[in-house]
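Enquirer: According to our numbering, the first sequence is numbered sequentially starting from 134.
Since the hints were made in silico from the structure, they are not lab data.
In this text the structure is predicted, and so the values were computed from the model without any measurement.
Idealized CB from N, CA, C, for every residue including glycine.
Check each hint, because a few of them may be wrong.
What the hints assert, rightly or not - In silico BS3-like pairs for lysine-lysine, Cα to Cα no more than 30 Å straight-line:
id : residue 1 : residue 2
1  : Lys-300   : Lys-228
2  : Lys-574   : Lys-410
3  : Lys-675   : Lys-849
4  : Lys-182   : Lys-694
5  : Lys-298   : Lys-356
6  : Lys-653   : Lys-675
7  : Lys-228   : Lys-251
8  : Lys-493   : Lys-744
9  : Lys-692   : Lys-335
10 : Lys-372   : Lys-298
11 : Lys-176   : Lys-298
12 : Lys-372   : Lys-360
13 : Lys-509   : Lys-448
14 : Lys-176   : Lys-574
15 : Lys-415   : Lys-182
16 : Lys-410   : Lys-176
17 : Lys-176   : Lys-251
18 : Lys-448   : Lys-410
19 : Lys-574   : Lys-415
20 : Lys-224   : Lys-251
21 : Lys-898   : Lys-610
22 : Lys-372   : Lys-358
23 : Lys-231   : Lys-406
24 : Lys-224   : Lys-559
25 : Lys-176   : Lys-694
26 : Lys-964   : Lys-778
27 : Lys-182   : Lys-224
Unchecked claim - Using C-beta positions, here's what the derived DEER-type ranges look like:
id : residue 1 : residue 2 : range
28 : Glu-837   : Arg-777   : 24 to 32 Å
29 : Thr-332   : Glu-570   : 53 to 61 Å
30 : Glu-569   : Tyr-862   : 40 to 48 Å
31 : Glu-619   : Gln-881   : 37 to 45 Å
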Amino acid sequence: MDKLIIIDGNSIANRAFYALPLLSNSSGLHTNAVYGFTTMLLKLIEEEKPTHFLVAFDAGKITFRHKEYTEYKGGRAKTPSELSEQFPLIKELLKAFKIPQFELTGYEADDIIGTLTKAADEKGEKVLLVSGDKDMLQLASEHVTVAITRKGISEVDLYNPAEIKEKYGLTPAQIIDLKGLMGDTSDNIPGIPGVGEKTALKMLHEFGTVEEVLANAASLKGKMKEKVEEHAQSAMMSKELATIFREVPMETEWDVFRYDGFDGQALSSMFRKLEFKSLLEKMDFGPSVVEEGQAVESLEAVVVTENNMEELIGKIGDNAAIHVEAIGENPHQAVMVGVVWFTFDGETNTSYFVPIALLKSEAGEPLRTWLSDDTKKKQLFDQHRAQLVLAWQGVQLRGVDFDALLAAYLLDPTESNLSLSGLTGKYGLPGVKTDEEVFGKGAKFRMPELEALSDHLGRKAMAIARIVPVLREELEKSEMHSLFYELELPLAGVLAEMELRGIALDAEGLKAFGVELASKLDAIMTRIYNLAGVEFNINSPKQLGEILFEKLGLPAWKKTKTGYSTDAEVLERLAPHHEVVGEILNYRSLAKLQSTYVEGLLKEVRPETGKVHTYYRQTIAATGRLSSQFPNLQNIPIRLEEGRKIRKVFVPSEPGWYMLAADYSQIELRVLAHISQDDNLKEAFLQNMDIHTKTAMDVFGVEESAVDANMRRQAKAVNFGIVYGISDYGLSQNLDITRRDAAQFIEQYFAVFQGVRKYMDEIVKDARRDGYVTTLLQRRRYLPEITASNFNLRSFAERTAMNTPIQGTAADIIKLAMVQMADRLKQDGLKSRMLLQVHDELVFEVPEEELETMRRVVPEVMAGALKLDVPLSADVDFGLTWYDAK
DNA sequence: GGTTTCACG
DNA sequence: ACGTACGTGAAACCC
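Please put together the full structure from these sequences, using the hints given.
Expert: Structure follows, in structure tokens:
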């Protein structure tokens, strides 16, 4: 069976351009739209296996539509040059793919596509039409499936007439009427002002077409009636403009579009020119780096032996780039391979590789001493990981004065490829192979021969030596020098110490809790099967959806991309309809505790010590927060009592000691008060008021005594919204109120917290002007999408601009407190140990005799970590377990 | 490997 | 008009 794929070229190029960050190759050519286009083509070829293929483009500027309506597509921002310069590249790319392209003066791509799909319908040929434009839905038919890109370009929603009916309640032809009524700002099609999708759909469900809606205008009510009557002509014209012309005089001979595969050679050279490294590798087009006549930089990669160790370590000097290689994601369990250092004597690049066995042997002593000598300065890529790996081998690492990973993260915390090979590419330095290239991955993992290994690791150390001065200068330029040297670099060491110490778990207690859960789960499961009348896998959202919405016929109102949604929000609304739903909710919460917190945590306990050692990631979160892995100890349950009990198994590691926890009170709103300088908010904290009650008083305009629990709850939600970068929609969802009411709340809030409104406006403007926002300590986050024309992307960036300085400054502050606290414990010779950080909370284990001291010192250090214009405050408590330290 | 759900701040 | 609250990690399904 033949299958023709038609791509709406301009539409897909646009979507790709706005969906992807503005990539460019080393000669400054922008390539993001070409890249997106390419990945889409490859995916379609692989998944759809078309026998025929074509891409249609708009030709020129003036089409017949302009003759009828001169404003057509007026007011549309003109295509940015970064995109228009990519069209010739896309056309060249299509030649390499050997995919026919069509454009016709005076017609849009839509019309070409309309004509071809009509021909396909008549012939009964199968067509997949790919576009980013929902207008295309009007072309769907028995033979024509329309794929509309969703969120970026890698995913599409497929529509045939049945699905359009299901989603909109319309036939494909009525899509034209829909646009006639609601118009389309991006094409400057007016429609009827004030009529959006909701209203338009309602009218079409009742009357069917624009003509019928106009004919029945008299039966409409109030304002709507006026509007429809007043803009009747506009609606008719809009419908006409939205109608795709399907009679373009053109060749529709099928064989012209036959697709028989791409020209590998042309494609490979195209990818090289565009520097699509990942695609070159994926397509097996050979090495991604083109060596321009110049040989790979020479490196003398020496393997150190027990005989020459003494002599070679003498050459290392007081300063070197070093690298610690270990295999495995979790540094507490990774298998160490060895250490390598790099030197340059003015002539020769040399690296020295010390395999793990040698490092640990007697002969390894000089290197071990050098590594732990604070006066020997080291530059690394990922000190934190190296320190952990070495520590588990009994080797201390001291004297790190630069960390390339940490620096690259600060320079761009959203960079997704923070690998050494990724960064050398990004900063235009001689590249290194990726670990995947050298080691392979998954089942294909192989340790290379000693020589190749030593060369690869040596090149890593060389790359570190090369990239360090570049990153140092960049940090200076972006004023993150102090943030790096005074906060992040010392923190790396503090984190490593906390993690190595670990936290003790009462494994027996946890197992007992698991047994209890198992019997409860068993009972619930039986009840669910009885109530549902059938046994099924409750953990499978697919099976659960079928039971609830098909077998039991409960109302489904929310969908996921694969089927019915069965999340807690849905189930809570269904609970009154059927007894089984409450049981399922209960089952879900207990099953989560069992699998993630009982079984998951037990898997991470070291049997020798009874401890878990989390790994805090310092270079993941875009806001500057830490994250925690293997296990994640930042999401241990607390909100529900049943889950909170998990905290009872987190215990001190020494008899007679206590757990002590201290958390910041309202740190984000205090930070907001400081950076916005809002008088009212500042005053509230200076007076040490309950901030949610205060907000309720101001928003509802009542006395403190008149604030009831519900008002406080709503005010609390507003405060959360403010911190997240408020929108009326978000607040309405959270409070389950109408958008109008949510908007009213927000307006009320801003009326009394005018400084906050001013901050929100200014920070978005600043982000547009600078392209980034910063925290109090100059941590930076770039927001390229702040200028996007796509509403969703832009709005997201705007909320991020509001939220990141708040969340990020709070992260700065607790990090400061951690570094200061670690110093303080050492200075004062305290035995207490810092164990955990949970964003606004620090957890310690404390010997009894230090309890009084720590209860005083911890909140004092936390509150004093950074001086703001409002006081910071931390609450502290202690007990025999983490549960009791509340 | 992607998707869904849910735990935390 | 558009349609999401900000930041994470882990487990279970299912292809």
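Enquirer: Would you mind marking each hint as holding or not holding in the structure?
Expert: Structure-based check of all given hints:
no., hint, in the structure
1, Lys-300 - Lys-228, "violated, 37 Å"
2, Lys-574 - Lys-410, "holds, 18 Å"
3, Lys-675 - Lys-849, "violated, 35 Å"
4, Lys-182 - Lys-694, "holds, 23 Å"
5, Lys-298 - Lys-356, "holds, 29 Å"
6, Lys-653 - Lys-675, "holds, 24 Å"
7, Lys-228 - Lys-251, "holds, 26 Å"
8, Lys-493 - Lys-744, "holds, 25 Å"
9, Lys-692 - Lys-335, "holds, 21 Å"
10, Lys-372 - Lys-298, "holds, 20 Å"
11, Lys-176 - Lys-298, "holds, 28 Å"
12, Lys-372 - Lys-360, "holds, 16 Å"
13, Lys-509 - Lys-448, "holds, 13 Å"
14, Lys-176 - Lys-574, "holds, 23 Å"
15, Lys-415 - Lys-182, "holds, 18 Å"
16, Lys-410 - Lys-176, "holds, 17 Å"
17, Lys-176 - Lys-251, "holds, 26 Å"
18, Lys-448 - Lys-410, "violated, 37 Å"
19, Lys-574 - Lys-415, "holds, 14 Å"
20, Lys-224 - Lys-251, "holds, 25 Å"
21, Lys-898 - Lys-610, "holds, 22 Å"
22, Lys-372 - Lys-358, "holds, 19 Å"
23, Lys-231 - Lys-406, "holds, 18 Å"
24, Lys-224 - Lys-559, "holds, 27 Å"
25, Lys-176 - Lys-694, "holds, 19 Å"
26, Lys-964 - Lys-778, "holds, 28 Å"
27, Lys-182 - Lys-224, "holds, 21 Å"
28, Glu-837 - Arg-777: 24 to 32 Å, "holds, 30 Å"
29, Thr-332 - Glu-570: 53 to 61 Å, "holds, 57 Å"
30, Glu-569 - Tyr-862: 40 to 48 Å, "holds, 42 Å"
31, Glu-619 - Gln-881: 37 to 45 Å, "holds, 42 Å"
Against the hints set out earlier in the document, violations occur for numbers 1, 3, 18.
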